[in-house]
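For chain A, the structure is supplied; the task is to place chain B on it using the hints.
Residue numbers (my numbering), protein chains in the order written: chain A, 1 to 238; chain B, 1 to 331.
Take these hints with a grain of salt, some might be off.
Stated by the list, open to error - Here are the computed lysine-lysine pairs in the BS3-like style, where the Cα-Cα straight-line distance is at most 27 angstroms:
| id | chain 1 | residue 1 | chain 2 | residue 2 |
| --- | --- | --- | --- | --- |
| 1 | A | K55 | B | K198 |
| 2 | A | K171 | A | K128 |
| 3 | B | K198 | B | K184 |
| 4 | A | K128 | B | K198 |
| 5 | A | K128 | B | K184 |
What the hints assert, rightly or not - Facing chain A, a subset of chain B residues (Cβ under 8 angstroms, in silico):
| id | residue |
| --- | --- |
| 6 | L187 |
| 7 | A191 |
| 8 | D194 |
| 9 | D195 |
| 10 | K198 |
| 11 | V202 |
| 12 | G203 |
| 13 | V204 |
No wet-lab data here; the hints were simulated from the structure.
C-beta atoms are modelled at their ideal positions from N, C-alpha and C, and glycine is treated no differently.
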Amino acid sequence: MAALLELEGLVAGYGGGDILLGIDLTVEEGSLTCIVGPNGAGKSTLLRVVSGLLKPTRGSVRFRRESIAALSPRAILNRGIVQVPQERSLFPTMTVWENVRLGAYTVRDRGLVERRLAAVGETFPIVKERRNELAASLSGGQQKIVEFARALMLDPTLLILDEPSMGLDPKTRTTVFNTIRSMNDAGHTLLLVEQNARSGLGIATHGVVMESGRVRLQGPGPEVLSNPEIGRLYLGAA
Amino acid sequence: MYDRRVLMLLGLVAVLAVALLLPAIAPDSATTNIAVFTVMYVGLATAWNIMGGYTGYISLGHAGFFGFGSYALGLLLAKLGVAGGYEPFLFVPVAGVLTAVLAAVVGWFALRTRAATFVIVTIAFMFMLQLLAENLTSLTGGGAGLAFPNPPWRGGFFNIPFYYAMLALALVGLAASWWIRRSKFGLGLLAIRDDEDKALAVGVPAGAFKLTAFVISAALVGMIGGVYGYYVTFIYPQFVVDPLIGISMVLMVFLGGLGTLWGPVLGALILEPAQLWLAYNYGVSRLYLVLYSAVFLLVILFMPRGIIPSASELIARRRARAPATRAGATP
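The shape of chain A in the complex, shown without the other chains (with noise of 0.2 angstroms):
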């Protein structure tokens, strides 16, 4: 498989000092990567990182061979990284079908965009099902989906999920990963971020845990869920 994004001894941080220690991490096309780690292990300024709304002080981020650590958020969106974020971010009065449809609004093609809506529509039935309800009227994991949905509008390269299994119950959590996996046996390239790290990495083809800062461990995702010094570090293992 070819790398899609590559970062290479990033380090980023905020006023106060560096989190990012120096990121060595390559996400491959086609893959989910799923990063876990605990509270402060620097997994949300590396999204941060990635999306361009934190520019790194020291290495690279390449995606698909270009650099990508100068830009804009705005011009990492164009080149295809969208990132569905942590809290919920659906319009709640508007419907279904238009918080969907909203996250194709930057493109002008119409039949592209109704084309989208069809293979959306086919992909999270939900969508179609539920379509003229209003956004607030559904659960907590029916709209992570509707949001799934509606960034996979934006037909992405690489499609960020930030923690998606936030404020879910178990059945649902279950509901959302399949829902994941489903999107990634679809062909699209996954980097997620989960604080949950048995259902992260249950479903991960390749597997990262942070730890200060740094990637502590990385391989492919049932690996690292079976290594015992991982598990007993950061799963809560006996």
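Same frame as chain A, but now just chain B:
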């Protein structure tokens, strides 16, 4: 079972036919006078809804645009020496353009604010305009008023040209509102109403869109103000830049359904005839303000989203319950 769209289209054609034939069905002056004012408020509420309903920016200063449109047409007709008749109607779009220019300037400043601050800025603008109309006596006539050309029509026919002029503007407003609601522009406006920052994040050019909606809304209100001025033939600052005109359009939209196409129409069809009925039966008083207050309180208490959204919700809930009940009845 008939297709829902066909039924709606038939209903629409029927309503339009009644509106077009109303002067023939009920030609007496009292009825056509009520019809002129009712259709005027249908237009005003629809125009206000394009800004307030679709973007969520509540303007209480639209009476300023109504008065400006009225003065703009009156002054234009006076300067050009246009005589009474059908010709003054041809200048109504010019009053609309002038109001649009004013709205673009006002909106440029006012739309830098949000929520309650925007409401206050629009009220301040309206009173500023009222004061200007009162004090620029060499231009507006001040408290002595401004005269329009005398319409030449007499008796029962007098109201008819004004009725059709108001109806035409109301239909233009409805067509604009319908188009906006279905367009990408309208989708952007609704996103702004829900959350302006999120709207910006998905690529909606919020600043330009808000200003465009504000200008369209004000231009329509200005044109209606122009026709109103010609109808009453003499205008005074306190009667055309009247806060109650602004509040009435807002209340009609809230009653019928904020941000819906037909809500403002329904609100105007209920409130304006009721107000005129009170005026005819109990004399010209401010009794209707008591009615307005009562309606406003009832709407806020029982139907905060207005009649149409509340009714749609009720129907949707019943429909959702019906199959479940039927399924439950199956042995």
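* To do: Would you settle whether the hint for B:D194 is holds or violated, based on the nearest Cβ-Cβ distance to chain A being less than 8 angstroms?
  => Constraint on B:D194 satisfied, holds at 4 angstroms.
* **Restraint check for B:K198 with B:K184, where alpha carbons must lie at most 27 angstroms apart** => holds, 16 angstroms
* Agreement of A:K55 and B:K198 with the hint, judged by alpha carbon distance not exceeding 27 angstroms -> holds, 22 angstroms
* Does B:G203 meet its interface restraint, that is, does its C-beta lie within less than 8 angstroms of any C-beta in chain A? -> Cβ of B:G203 sits 4 angstroms from chain A, so the hint holds.
* Is the Cα-Cα distance between A:K128 and B:K198 27 angstroms or less? -> holds, 23 angstroms
* Does the interface hint hold: is B:D195 within less than 8 angstroms of chain A, judged Cβ to Cβ? -> For B:D195, the interface hint holds, since the closest Cβ of chain A sits about 6 angstroms away, which is under 8 angstroms.
* Asked: Can B:L187 be said to touch chain A, with a Cβ gap under 8 angstroms?
  -> With Cβ-Cβ at 6 angstroms, under 8 angstroms, it holds.
* Asked: Does B:V204 pass the interface hint, meaning its C-beta sits closer than 8 angstroms to a C-beta of chain A?
  -> With a minimum Cβ separation of about 6 angstroms from chain A (threshold 8 angstroms), the hint on B:V204 holds.
* To do: For the hint on B:A191, just tell me whether its beta-carbon gets within less than 8 angstroms of chain A.
  => holds, 6 angstroms
* Using 8 angstroms as the Cβ threshold, decide whether B:V202 counts as touching chain A. => holds, 5 angstroms
* Given the hinted pair A:K128 and B:K184, is their alpha-carbon gap at most 27 angstroms? -> holds, 20 angstroms
* Would you check whether B:K198 satisfies its interface hint, that is, whether its CB is within less than 8 angstroms of any CB in chain A? => holds, 6 angstroms
The structure meets every hint from the earlier list without exception.
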